[in-house]
Amino acid sequence: MTTQSATPIRTGLARTTDLSLSELLSLRATGDTALDHCLRRVVETAALPKEDRVAAFNAALTRRP
Amino acid sequence: MLTAVAPFRQFIVKLHSRCNLSCTYCYVYHHVDQSWRGRPTVISDETVAALAARLGDHVRHHGLPRIVVVLHGGEPLLAGPDVLERVVVAVRSAVPANTDVEVTIQTNGTLLDSRFLEIFHRHSVGVGVSLDGGGPIENRHRVYADGRESFHLVERALELLGRPEHADVFTGVLCTIDLENDPVRVYEGLLAFRPPQVDLLLPLGNWVHRPPRRGPDSSRTPYADWLIAVFDRWFDAPRRETGVRLFDSLIALLVGGVSDTEAVGLSSANAITIETDGSLEVTDALKTTAPGLGATGLDVRRHSFDAAMQHPTVRAVRREKDNLAEECRLLCPVVDVCGGGHFSHRYGHDGSFEHPSVYCADLLRLIGHIRGRLQAELAARRAPLAPAG
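Respectively, the protein sequence lines represent chains A and B.
1 is the number of the first residue of the first sequence in this note's numbering; add one for each residue after it.
1001 is the number of the first residue of the second sequence in this note's numbering; add one for each residue after it.
Please note: incorrect hints may appear among the correct ones.
As the list claims (entries may be wrong) - If you anchor each label on the Cβ, the simulated ranges turn out as follows:
1) A/LYS50 to B/GLY1292: 29 to 35 Å
2) B/ARG1382 to A/GLU44: 19 to 25 Å
3) A/SER26 to B/ASP1146: 54 to 60 Å
4) A/ALA47 to B/PRO1096: 19 to 25 Å
5) B/ALA1097 to A/ALA47: 19 to 25 Å
6) A/GLU44 to B/SER1114: 33 to 39 Å
7) B/GLU1159 to A/LYS50: 34 to 40 Å
8) B/ALA1053 to A/LYS50: 24 to 30 Å
9) B/ARG1213 to A/ALA47: 41 to 47 Å
Worth flagging that the hints you see were computed from the coordinates, not collected in a lab.
Ideal placement from N, C-alpha and C gives every residue a C-beta, glycine not left out.
The task is simple: from the sequences and hints, build the whole structure.
Laid out in structure tokens, this is it:
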């Protein structure tokens, strides 16, 4: 389930289409494309500290939060 | 310019300094830094104890709720299951119970067997495999020292990891881009192993040691061309087939989110590398710039991680706009997305990193392409909601 973050997300690209990210999410065609997953993840992880997110170039992929 | 320090949250621990493969592009053995030759082959119990104690101090001092420990090499499985298990237990035992320690291992896969898998399950160790495509041709650079191919053993390991009972530990595949390989064939070959995620890595290179076919002509963008072919294949699939860390990160950055990788974006990995002798290195990527450039002169027996936080190179590699070349900071339209590319890709003939990425033209084209695809897709999704004129 997608949850909304407490803090607004600056969506530089989304602004060009005059839609908030939550509105974009509501426009998911099937909800299961690569883009759908990306948008959902941006919203779900927006409240997480960014320091915990970024992997070193040679780090194994982690299980996603 | 020196920037604010931040605690380390990611610890790349070298269990073994040698490798059973001799991949022709390897940044450890086949680049300018040859420091591996003087290191102990396996991390000792004494070094493991010192590492665990320092790590525990660091976590407590900074109140870190979560850290990531990446078991690495060389080939880490050469250290054997006992060493591997001792390191995981020592590290987890040293930090407060309320700190989440995610442990992963990055392996070439050739030695993976049921003994290791049992340990990975018991200690919840995520396993990443290095692989450049789905067949021996695509993996032509991943060979033994005598030239024998390694793919058949890696294929066996991936078939093992791909079984449903191992889904909890298989985290994905790291693939280094080889322009000689067909991009879509590489992607589809990797998909056959059902990795939950993939990352596509630009070969380590810079202005002094140029990546293959990355010449001075900025009108040519062979790496962008390669990545765009994979991106379109991935993006246009009716259902998402796997995550691609680079593409996920670029899309996230374009819509205002955060990158998952230090390859792009302006957020730092806050990582430190611990070699088998306990010495602390800033990042393995610097092994492709100049000998010893990644060394800090510090080690876990004598120095705290807080001491390493203050090291000038640790501060300099932080992914902040102030650390970028002036032309990147002032002129680049996508600097917040590319973040100047990977730090090591900026190394120039003057010995500094105040240059655009050697992949600048590729990154600009790739980001422009993804931005265009996103804008078109989002506009199309919006159209049905637009009020009738």
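Which hints, by number, does the structure contradict? Result: no hint breaks.
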